[in-house]
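From first to last, the protein sequence lines are chains A and B. Using this note's numbering, the letters of the first sequence correspond one by one to residues 473 to 842. Using this note's numbering, the letters of the second sequence correspond one by one to residues -19 to 492.
Worth flagging that the hints you see were computed from the coordinates, not collected in a lab. A portion of the hints provided could be inaccurate.
Said to hold, decoys possible - Per the computed footprint, the stretches of chain B lying under chain A, defined by three or more beta-carbons under 8 angstroms from a beta-carbon of chain A, are:
| no. | region |
| --- | --- |
| 1 | 343 to 352 |
| 2 | 436 to 448 |
What the hints assert, rightly or not - Cross-link-like lysine to aspartate or glutamate pairs, in silico, EDC-like; alpha carbons within 16 angstroms at most:
| no. | chain 1 | residue 1 | chain 2 | residue 2 |
| --- | --- | --- | --- | --- |
| 3 | A | LYS809 | B | GLU181 |
| 4 | B | LYS388 | B | ASP176 |
| 5 | A | LYS808 | B | ASP379 |
Keep in mind that this is a model prediction, so the values were computed, not measured. Cβ atoms here follow ideal geometry from the backbone N, Cα and C, with glycine treated the same way.
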Amino acid sequence: MVDNKQYWVWLSSLPGIGAVKSKALLNHFEDPYNIWNAKENELNKLPFLTSKDVGNLINIKIKESAKIHLDNIFKNNIKILTINDELYPYYLKNIYDPPSVLYVKGDIRINDKYIAVVGSRKATSYGLSMAHTISCELSRYGITVVSGMARGIDSYAHKGILSVGGRTIAVLGCGLDIVYPNENKKLMDSIIENGACVSEYLPGIAPLANNFPARNRIISGISLGVIVIEAGERSGSLITANFALDQGREVFALPGNVCSINSTGTNRLIKEGAKMVTGIEDILEEINISFSNENMENFFTGSFANDKLFKDLDKEEIKIASCLKTEPLHIDNISKKTGFSIQLVSSVLIMLELKGIVEQLPGKIYKLKY
Amino acid sequence: MLSKIKSLGLMGIDGCIVLVETDISKGLPSFDMVGLGDTAVKESKERVRAAIKNADLDFPIKRITINLAPADKKKEGSAFDLPIALGILAATEQVNIKDIENYGFLGELSLDGEIKPVKGILPMVISARENGLKSIILPLENADEAAVVNGLNILPAGSIKDVVNHLNGLKKINKYSVDIDNIFRNNISYDVDFSDVKGQETVKRALEVAASGAHNCVMIGSPGCGKTMIARRLPTILPSMTFEEALEVTKIHSIAGTLATNTSLITQRPFRAPHHTISNVSLVGGGRHPKPGEISLAHYGVLFLDELPEFNRSALEVLRQPLEDGVVTISRINATLTYPARTTLICAANPCKCGNYLDHSKECTCTPKQIGQYLSKLSGPLLDRIDLHIEVSSIQYKDLDSKKEEEKSSDVRERVNRTRKIQQERYKGMNIYSNAELSPAMIKKYCKLDVQCKNILENAFERLGLSARAHGRILKVARTIADMEECQDIKTHHLLEAIQYRSLDRKIWSGQ
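Please build the complete structure, drawing on both the sequences and the hints.
Shown next, in the form of structure tokens:
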């Protein structure tokens, strides 16, 4: 068995042989072991290989290097998922260019339903909080959120679902032994614990710029649909949305302020036919997940985040928490609305934050967490 | 003939007696001066010669030797012109030298014999008093400054002729005095006021906390949100200066030459706002002829560093030790000088390179990495010395236009005075004056927390991702907030508010 994996690793490490060519090779030879043993004239007959590819296939056959890769993989607790494995995500298998080998850290489950939540790295507090909320909500319907663990929206999508104990998958554009961006070390650990980090790249491969568009095809390929939270004019999330269209996945977009350059991409997607998300039901009805209507009221305004949350609070805390119901507010405005002094408001807000009810955004702005 | 005239020089911010010895003997006419004078001192030969001649007195055509004792200390400046001239006149018996040892002389001469103002009068006059001089003759323009010192006669003179007439008993110079109480009464008015700041309640509250406990703080906000404007108004709510404080501040400004003419005493707390291109030396003091730096000029006042991340990194590093110790010690080959530097540091910074990160009405064009990098300049040891982090947002037009009466500086100042008094009582005999100066051992003693507070703090560290350096800072600030309520113990709401002021330690800023 181990021997067999060695040939898979060899195949995925060959320069010039990408997902499409290895798929074709596998169609022809069925097993990487046969490709390894293929004769030059046999390979030359295949129309999709250039002479250079054939050269690579014939000449780069150092068993030791594949072994080193393999050692490296096991040392890092990485599992190898080949396209023939039954755990290999079903939807991903059926795209045009599925990776022949997926490296996995964590655990992939066969029955998981995936939805991708993506967006720009540079996001506004609106985008960040919506990424958080939407992935929290998706977890309630047993959905696993897929994203790219990049800064901004991606990180918040992962954090959101992790905060309510859901499962999530991060698709990386580098080897799984590298944490990129490196401030997400902790996040990566908890993703591995509650889901998996997945990559088509061998350990040791750096996060090169051109890995990311390729990575995006996996994000959309694995999922039933892609929700774009915030995207600027030339955001990478638009690439993911394009892949999703090519792969026949649903594309959702969250509407944004028309004046905001951080939302031009998503608003254009909506104009071009992506489904506009104004409530969780917009997502659920497209992907045929049944939902009950009782909890749906005012989904995004947060008032469904029922008043039983406020049960253990004292009078001042309730007053301050309830004035945040409609929108996030600056601390001065909270003081003005409630009539409390600044010192009282600021100590109560920290208390509410410690109790996990409000969240502070940059610029002394507070919002309800749920 | 030999004469000895007393004058004064400067050592750091203190004055010292300099004896001007003049010997006139027969021989080839010459004019020599010894005693480690700088160029200004050496050039005084020419001024003295011309001044004596033009004041219708006789300049001896003999061999003149001047010694400035103690001869191994550097002498600087033009204040020795007058004593040198009088030394020559005394040695040639043109003035009465009977009671001349009771006099000190200071002043620069112009070629026509007039006396011009000099720097550093106040410390020199103080040291004249300490050395038992009875009278001091000094330039007219410096009279106000010198008259603050009691216990000796201040005799301002306009020209060398006046001095000669006075000493010879022909026409006495009148003693000069000022009413110090009057200065204090009249001068404590600032042309800016806290009530000019509309809205910004959080910021005002935070600055009141800063003023109450002498805490250093950093303000972060987009350009135009009013950081500088608010910082300029901080001195107006600082506690009023005592006479001793005013004297010390005036001394420093007197040496640096930043004292306006006809000012006796600086009674307003200084506000120094150096530009971010400032060099290390001008920030903390030093140079070949050591001068106090901005941090000393801001002694007992406010040192405001606008655009903090734009400052040279090494300039910020040299601030660390003076901020901790309250003094700057400058060692040069010739002398080691100590300037006081007890100042409240206020810094302002944009949240990112383009400045719009916190502004919700403008778009920020920085990448997350740039945002992280920009603020990382503030990290580390300097941040360790800053107790309060204040986020300033731009205010809305309706606040600007509001008719609401904002609180006046004087009202806030009254509260601040009360809080400071509590601290001074508590720390009597411990050589500190405010909560900001508490050492770790003192924090343990004076910032005790009950079980409930301890739980909150522990919880806060866990949930809010505070860094370790925040711990002591939070306790100090909580102590100040408790003092503001005249509360003996630190209560939970004091502690919670103090935690509010640590936003830079938290992860909300990393841009993700």
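The hints, checked one at a time:
no.	hint	verdict
1	343 to 352	holds (count 5)
2	436 to 448	holds (count 5)
3	A:LYS809 <-> B:GLU181	13 angstroms, holds
4	B:LYS388 <-> B:ASP176	8 angstroms, holds
5	A:LYS808 <-> B:ASP379	11 angstroms, holds
In this structure, every one of the numbered hints holds.
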